[in-house]
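Asker: Sequence:
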Amino acid sequence: MPKANSKSGESKSIKKFSGSPIEKLTPLLIVVSIVLAFAVGVLWQKVQNLSPGATSTKGNAVGTTAPADNTRPQNGKLSEVQAKAIPALSDKDHVRGSKEADILLIEYSDLECPFCKTFHPTTQKLTDEYKDKLALVYRHFPLDQIHPKADKEAEAAECVRELGGETAFWKFVDKIFEVTPSNNGLDHTLLPTYAGSAGVSETAFSSCLDSGKYKDYVEADFQGGVGAGVTGTPASFIVNKKGEAWMVVGAQPYESVKAVIEEALKS
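Using our numbering, read the sequence shown as starting at 193 and increasing by one per residue.
Any given hint could be a false lead.
[Stated by the list, open to error] Listed next, with one range per pair, are the computed distances between beta-carbon atoms:
#	residue 1	residue 2	range
1	Lys291	Ser389	22 to 30 Å
2	Glu292	Asp402	18 to 26 Å
3	Ser290	Tyr409	20 to 28 Å
4	Tyr446	Asp294	14 to 22 Å
These aren't lab readings, by the way, just hints derived from the structure by calculation.
Treat the numbers as computed from the prediction; the structure is a model and nothing was measured.
Ideal placement from N, C-alpha and C gives every residue a C-beta, glycine not left out.
Build the full structure now, drawing on both the sequences and the hints.
Answerer: Written out as structure tokens, the structure is:
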């Protein structure tokens, strides 16, 4: 008997809600859910397209500043004030090409950033194509909150430069981007080996890296980028002889960067 009552109660419950307002609205609710899901998907795709790189929260640290006109630069030509916020070329900068080139492509980069790894061959192709007209300037912007290993890798690159000069520095950077899985995946026990392949003493390199002597240098690069409005990597500034500047946010394709360079050359 209890079993029969149980079935009877279940049956009554179904009959009770048959034809109820909720049941009648079910098809409409399904349609609304589908429309909302589609809208959210479109919005997410737009956000992704606007953010083609890794983003940092480190830039909010005490002591960092926004550009003088209090606006964040975006893709495209910058205002005069924004252009002046970009740290000027110095003897400490790493330059692939001639410092007297018509165009400087100043890249703020993170050796553990997957977008930077993707963008690196683009910068190599551009410097090869434009030759003396274009020089690549590499600056450190390690996003250490998401890539804790990136700071030490930047310091490693500076040690290689100290021991082997600019040629060794670029060989080391090229190698790291070639071998790193990105996103904090590089095995740091292999750093001396990569330094050796760049032509420097592995023993001297390890001693330099262990000293931490370039920690402040890397931080200074980072803070300079923050002052110019960099919030993620890669972030690049294309600057011509007139001092006019354009910003390229993220790992933009070769054709897009080339178009900006052509605009800067003609300006």
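Asker: State the violated hints by number, sorted upward, taking the hints as numbered earlier in the document.
Answerer: As far as the earlier hints go, only 2 is violated by this structure.
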